[in-house]
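A.B. asks: Chains A and B, in that order, give the protein sequences. Residue numbering for the first sequence follows this note's numbering, beginning at 18 and increasing consecutively. Residue numbering for the second sequence follows this note's numbering, beginning at 18 and increasing consecutively.
For the record, the hints were derived by calculation from the structure and aren't laboratory data. Don't be surprised by glycine CBs; every beta carbon is placed ideally from N, CA and C. Certain hints may be false.
[What the hints assert, rightly or not] These stretches of chain B come out as covered by chain A in the derived footprint (C-beta under 8 angstroms, 3 or more residues): (1) 29–37; (2) 175–189.
[What the hints assert, rightly or not] Simulated crosslink set (DSSO-like; lysine-lysine; CA at most 30 angstroms straight-line): (3) B:K294 with A:K294; (4) A:K52 with B:K294; (5) B:K294 with A:K220.
2 protein chains.
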Amino acid sequence: MKRYTIGVDVGGTNVRLGLVNRSGAIVARAFFETKSFCRNKKKLIGAIIAQTWDLIKRERLATKDILGIGLGLPGPIDSKRGVVNFLPNIPGWKNVPLKNIIQKKLHIPAFLDNDVNLITLGEWTYGAGIGCQNLLCMTLGTGVGGGLVLNGALYRGEGFAAGELGHMPLNEKGPDCNCGGFGCFECYVGNARLQKSAAKIFKNKSIQLQDVFLLAKQGNTRAIRFWEETAAHIGNALVGVVNLLNIRLVVIGGGVSNNYRFLGPKITDVIKRRAMKVQSKMVKVVRAKLGDDAGIIGAQVLVKEAIRER
Amino acid sequence: MKRYTIGVDVGGTNVRLGLVNRSGAIVARAFFETKSFCRNKKKLIGAIIAQTWDLIKRERLATKDILGIGLGLPGPIDSKRGVVNFLPNIPGWKNVPLKNIIQKKLHIPAFLDNDVNLITLGEWTYGAGIGCQNLLCMTLGTGVGGGLVLNGALYRGEGFAAGELGHMPLNEKGPDCNCGGFGCFECYVGNARLQKSAAKIFKNKSIQLQDVFLLAKQGNTRAIRFWEETAAHIGNALVGVVNLLNIRLVVIGGGVSNNYRFLGPKITDVIKRRAMKVQSKMVKVVRAKLGDDAGIIGAQVLVKEAIRER
């Protein structure tokens, strides 16, 4: 009986690996920095394979103990064919058949998906969204990501690009966005924007978001207002999703969600006031439970589902 | 072999019935005004039953020829239990077990859904959306409605209230909306608002939207600009849906879509310029094909699916 899956979370900064047992717990880990391999696709893939192999050996396991390996990558992924379409923040990746490459080297079934989709699968199966049929998982960080579970299944969209919550417009006119659009939700609450706005408010170029959080905790009114305004933007974006999709749950994760205490009540308040009655009564906003491990744990869900469907 | 279904489209103004054959064609019709029964729920239900019965007899059919009756109603419907939760524009309807009431009287299996959901099912199966796995059907009229087909199935949401496209906010600040929110899409492109804005632009209180369409056709620049601005609002609202859901198709129906010629190209243009590349390349905006018949034809799809699932 194959007891483990391996989850690989490929980020722009770090690659994190985890050996996950059948209950969704990470029982061993590995880690390396992405940037050493950033310009060389082959080397990055080689490092992932080497680290996976090390992890298996270190735990005195063999390929026969591993059900599969699941990889989450930051970009649109054709999860059906196992091809990385492209990675906006890691150059050199275009139409890479990563599933086949990894399977050939490791002789373990491999599956790919978008990183936020894996976080969503993790929170849905083992975290804040257990038992929910319709939910949105939002990640607040450098960018704003989204993953959707609809009718009890991950919703990937026509071209595996669904969930781009950060690029729903908040206003008809607004600041230019990296995506080519403008007025996107991410332009108001992405880390860069928040940091810039905090530097201005506190007349301090080196202030960090964590500092603004501590100030708010101490009762600083400008800091409290800063988080309230951020929460209002988040609430306004969620009103559209809640009215359109009538979801049961919004799970908020990512770095900025560490300040959930100052964000949560105001986000809920905006939704209750602005969204339609049936929809707003039904929806609950909660903080993610699995933290940085969600993607690795979600990879287990991906692997199990993919193998069951074969 | 049961050859027909009966579709009933219950609107705030009219109730329209159709006998639909197995190919989705309407082969006989009936019709009456809602307002005569507007204040009396029992009489309205009685009239629907009487008209259905008349239609069957007029066509020299019997209950054994009818696979089922599908009813579309303007409000949130618990389509699983067959209960009308409430109808915002027809007073006196709250938690009405219409499915059971009709089945008892007619001895024909009855099924209910929201009217826009039936339009969506109709366009998806027999109209502009044939073969599509992920689409949005938008109805532009007094209100702005939406229906979603996701992963090849109608998406109803946690409490059967999904699809409220008209109440996705277009801006963080904006005009008050009937729904209790503000800045909703419908506040910018609902018929009342368009009529008011046309009256102002043309300094003519009795001008109709159809007149503005004719003026645009004649080359009147103010009229052309009027439709272009309307289309820009529609495009802006769709950018959010396209980025979030990565749908293949947007089907535009409802009264205002008669002016599709002046709306379509601009809507497509806004999406192509403002939405993300993968999503905007993949999506197509088209005009609905079934006109006012979509709901009655969609009722056939509802009945067939419901009976297959039993």
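A.B. asks: Give a verdict on every hint.
C.D. replies: Status of each hint after checking the structure:
no.	hint	in the structure
1	29–37	violated (count 0)
2	175–189	holds (count 14)
3	B:K294 with A:K294	34 angstroms, violated
4	A:K52 with B:K294	26 angstroms, holds
5	B:K294 with A:K220	37 angstroms, violated
Hint compliance for this structure: hints 1, 3, 5 are not met, and every other hint is.
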